[in-house]
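Visitor: If you want the building blocks of each chain, they are given just below.
2 protein chains.
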Amino acid sequence: MIVTFVNIWVKEEYIDAFIKASRENHLESIKESGNLRFDILRDPGDPSKFVFYEAYTSEEYADGHKKTPHYLKWRDTVADWMARPREGVRYNILYPENELL
Amino acid sequence: MIVTFVNIWVKEEYIDAFIKASRENHLESIKESGNLRFDILRDPGDPSKFVFYEAYTSEEYADGHKKTPHYLKWRDTVADWMARPREGVRYNILYPENELL
Numbered sequence: 001m002i003v004t005f006v007n008i009w010v011k012e013e014y015i016d017a018f019i020k021a022s023r024e025n026h027l028e029s030i031k032e033s034g035n036l037r038f039d040i041l042r043d044p045g046d047p048s049k050f051v052f053y054e055a056y057t058s059e060e061y062a063d064g065h066k067k068t069p070h071y072l073k074w075r076d077t078v079a080d081w082m083a084r085p086r087e088g089v090r091y092n093i094l095y096p097e098n099e100l101l
Numbered sequence: 001m002i003v004t005f006v007n008i009w010v011k012e013e014y015i016d017a018f019i020k021a022s023r024e025n026h027l028e029s030i031k032e033s034g035n036l037r038f039d040i041l042r043d044p045g046d047p048s049k050f051v052f053y054e055a056y057t058s059e060e061y062a063d064g065h066k067k068t069p070h071y072l073k074w075r076d077t078v079a080d081w082m083a084r085p086r087e088g089v090r091y092n093i094l095y096p097e098n099e100l101l
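As given, the protein sequences belong to chains A and B, one line each in that order.
Using the numbering used here, you'd call the opening residue of the first sequence number 1 and step up by one each time.
Using the numbering used here, you'd call the opening residue of the second sequence number 1 and step up by one each time.
Heads up, a few of these hints could be off.
Copies of the same chain look alike in the list, so a pair counts if it fits in one copy or across any two.
Said to hold, decoys possible - Calculated pairs, DMTMM-like style, for lysine to aspartate or glutamate (alpha carbon to alpha carbon, straight line, at most 25 Å): (1) Lys31 <-> Asp46; (2) Lys67 <-> Glu12; (3) Lys11 <-> Glu97; (4) Lys31 <-> Glu12; (5) Lys11 <-> Glu32; (6) Lys67 <-> Asp46; (7) Lys67 <-> Glu13; (8) Lys11 <-> Glu60; (9) Lys11 <-> Asp76; (10) Lys11 <-> Glu59; (11) Lys31 <-> Glu13; (12) Lys49 <-> Glu97; (13) Lys20 <-> Glu60; (14) Lys49 <-> Glu87; (15) Lys20 <-> Glu97; (16) Lys73 <-> Glu13; (17) Lys73 <-> Glu32; (18) Lys49 <-> Glu60.
Hint data in this document are derived by calculation from the structure and do not stem from the laboratory.
Extracted from the complex, chain A is given alone in its bound form (with noise of 0.2 Å):
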């Protein structure tokens, strides 16, 4: 299992359309196949900076995530809106131990 940080900054003006968009990502990623977490996190100290992290089964599953409509979807509507480019970090997942959390 595996774990995908992906660090977002958002231009002040485009937060609320970028939470809007976030959300319909957000409730279409936790239907895929592998994924486990996809949880939306706001910087209490910063409401411009946002956390994604994404758990998948797998590395093909996490990648998968890439091609899926509502992700194309969503990187297509958000390109504009970012302050700076995202960062990803990946992680594994040591415990919990299997896909049942």
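Position chain B relative to chain A; hints supplied.
Guide: What follows is chain B alone, placed relative to chain A:
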């Protein structure tokens, strides 16, 4: 709902013992009232670097974790195994919108 990321760097000679102690902490923490997630992650590029991803339904429950016997036992057990001080970072959870994770 809130999340705490805890960044942890472990002295190399204590990594196996740290994983064992943290597994015990994980297994008890996920039973706590208000706990939603207690994921233990490992950096694939640095086997001595771990992240705990801890989600609770409220700040009170998140703070309550630090008063539990299993947390206190873990804290004391790993105290001398840290390569440097732990760093905790808090985030709010936007989505999922409720506790049905």
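Visitor: Take the hints in turn and mark each one as holding or not.
Guide: Going through the hints against the structure:
In the homo-oligomer, the alpha carbons of lysine 31 and aspartate 46 never lie at most 25 Å apart, since the shortest distance is 29 Å inside one protomer and 32 Å across protomers. In this homomeric assembly, lysine 67 and glutamate 12 never come within 25 Å of each other (Cα to Cα): the closest approach is 28 Å inside a single copy and 38 Å across copies. In this assembly of identical chains, lysine 11 and glutamate 97 lie within 25 Å of each other by CA distance solely across copies; the values are 23 Å between and 38 Å within a copy. Taking the closest pair of Cα atoms, lysine 31 and glutamate 12 never come within 25 Å of each other, the shortest separation being 30 Å inside a single copy and 39 Å across copies.
In the homo-oligomer, the alpha carbons of lysine 11 and glutamate 32 never lie at most 25 Å apart, since the shortest distance is 29 Å inside one protomer and 38 Å across protomers. For a Cα distance limit of 25 Å, the shortest separation of lysine 67 from aspartate 46 qualifies neither inside one copy, at 30 Å, nor across copies, at 29 Å. Within a single copy, lysine 67 and glutamate 13 get their C-alpha atoms no closer than 28 Å, and across copies no closer than 41 Å, so neither meets the 25 Å cut-off. With identical chains, the CA atoms of lysine 11 and glutamate 60 are never at most 25 Å apart, being 32 Å at best within one copy and 32 Å at best between copies.
For a Cα distance limit of 25 Å, the shortest separation of lysine 11 from aspartate 76 inside one copy, 15 Å, qualifies, whereas the shortest one across copies, 43 Å, does not. For the identical chains of this complex, lysine 11 and glutamate 59 are neighbours neither inside a copy (31 Å) nor across copies (28 Å), given an alpha-carbon limit of 25 Å. In this assembly of identical chains, the alpha carbons of lysine 31 and glutamate 13 never lie at most 25 Å apart, being 30 Å within a copy and 41 Å across copies at closest. In this homomeric assembly, lysine 49 and glutamate 97 come within 25 Å of each other (Cα to Cα) only across copies, at 18 Å, whereas the closest approach inside a single copy is 30 Å.
In this homomeric assembly, lysine 20 and glutamate 60 never come within 25 Å of each other (Cα to Cα): the closest approach is 27 Å inside a single copy and 28 Å across copies. For a Cα distance limit of 25 Å, the shortest separation of lysine 49 from glutamate 87 qualifies both inside one copy, at 12 Å, and across copies, at 19 Å. Within a single copy, lysine 20 and glutamate 97 get their C-alpha atoms only as close as 33 Å, which misses the 25 Å cut-off; across copies the closest is 13 Å, which meets it. Proximity of lysine 73 to glutamate 13 under the C-alpha cut-off of 25 Å is restricted to the intra-copy arrangement: shortest distance 20 Å within a copy versus 47 Å between copies.
In this homomeric assembly, lysine 73 and glutamate 32 come within 25 Å of each other (Cα to Cα) only inside a single copy, at 15 Å, whereas the closest approach across copies is 38 Å. Proximity of lysine 49 to glutamate 60 under the C-alpha cut-off of 25 Å is restricted to the inter-copy arrangement: shortest distance 24 Å between copies versus 28 Å within a copy.
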